[in-house]
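Visitor: As a plain string of letters, each chain reads:
There are 2 protein chains.
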Amino acid sequence: MDLSNNTIERLCRIFGHLGAIEKTGVEFVSSAELAGALGATSYTVRKDLSLLGITGFTRKGYEVSSLKKELGSKLRLAGRRKACIVGLGRLGSALLDYEKFQEDGFEIVAGFDRSVNKLERIRTHIEVYPVGSMKDVIKEKGIEMGIITVPGEHAQEVADRLTGCGVRGILNFSPVEVSVPDKVVSVNMDFTNALRFIAAKLGG
Amino acid sequence: MDLSNNTIERLCRIFGHLGAIEKTGVEFVSSAELAGALGATSYTVRKDLSLLGITGFTRKGYEVSSLKKELGSKLRLAGRRKACIVGLGRLGSALLDYEKFQEDGFEIVAGFDRSVNKLERIRTHIEVYPVGSMKDVIKEKGIEMGIITVPGEHAQEVADRLTGCGVRGILNFSPVEVSVPDKVVSVNMDFTNALRFIAAKLGG
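Chains A and B supply the protein sequences, listed in that same order.
With numbering that gives the first Met the number 0, letter number 187 in the first sequence gets 186, and the count goes up by one each step, no holes.
With numbering that gives the first Met the number 0, letter number 89 in the second sequence gets 88, and the count goes up by one each step, no holes.
If you are wondering where the hints come from, they were derived from the structure by calculation, not from laboratory data.
Check before you lean on any hint, since a few could be wrong.
Calculated pairs, EDC-like style, for lysine to aspartate or glutamate (alpha carbon to alpha carbon, straight line, at most 16 Å) [what the hints assert, rightly or not]:
no., chain 1, residue 1, chain 2, residue 2
1, A, 182, A, 1
2, B, 99, A, 152
3, B, 46, B, 32
4, B, 81, B, 135
5, B, 22, A, 1
6, B, 182, B, 135
7, A, 22, B, 152
8, A, 99, B, 143
9, A, 81, A, 143
10, B, 59, B, 32
11, A, 46, A, 32
12, B, 68, B, 21
Where chain B lies over chain A, by a calculated footprint (3+ residues, C-beta under 8 Å) [to be verified]:
no., region
13, 108-117
14, 169-180
A quick note: this is a predicted structure, and the numbers were derived from the prediction, not measured.
Ideal Cβ positions, reconstructed from N, Cα and C, are used throughout, including at glycine.
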């Protein structure tokens, strides 16, 4: 897609918000309401949607279900995608069973850890494997995305391994940013940095 | 601070990266190396730092410890800040003991949940309380920041409660964005949206 990352990110959030509205049974939503939920302006929302060729804005606003459907299809969010989690410490194992992922079409189909001890003790209904089986499992299950929850010092190594196994999208929760080949999409989510950002904004 | 959010965010990441370099014992770092770790250009790194009045760039690069110290002091990241976590499900309880927070000066000093059952069963060395004691505990312990790990439908209510108790910074992990008063700083970290963004970038 040739949209900017900021636009794609906002459109994805609009898609998520539409899902929440749809559940409540509300049929129409204004660009102002979408903007409010996003912390953006109505103008930005209408512009972002129009960049995807979506203009179905009536006096009542956008029709929630059809906008969600159109957005889902244009952003390729309609299908299901398979993901795995590498690093089954407390965060990784919490994410294994994170229900929101499944609701949104992201199926966690495997967890990996190098500690056999951890693999034996973990309680989850997701299948877990030693890292050595990564290549086979990823291929066999058709896993497209990898979530990294190992300590920072192992993050790059895991990213290399995942992309080497054909994974095309990486969500990295470690505090160390990973670099990936051009064709791979990666997002770094560093919790500690979010707290730092808040602290810096708050000042002394 | 009158810097843009993007600049502050990058400066915070530089601070984090300097901490990692410092641990390895390396004394100097180039703007190119910092840029590489950030996925930015050297020009951006030098410009961001110069916006804070930091220009200590020699032929060898920046001196790691003194740059970290200066950055920490200008971004007000040098002191310790107290935070609490609201919602002790799997994610919240995983974050209670997330060591990186403590290493970085963020002390999680309390956890809250409305389920007494959960409070009784949780295993952590952090003190946990029913939500009803939030006001007293936040005041008594001098908690400045709140981390929200409740389901989306309760996120706004929790954000209101936290800011009502005097919390000035909010890190929200629920999939629903929260709105806060102007003087409060909030960051929304929506995992599912990160996966959506990756999926949209990957395409079909």
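Visitor: List in ascending order the numbers of the hints, as given earlier, that are violated by the structure.
Guide: 5, 6, 8 and 13
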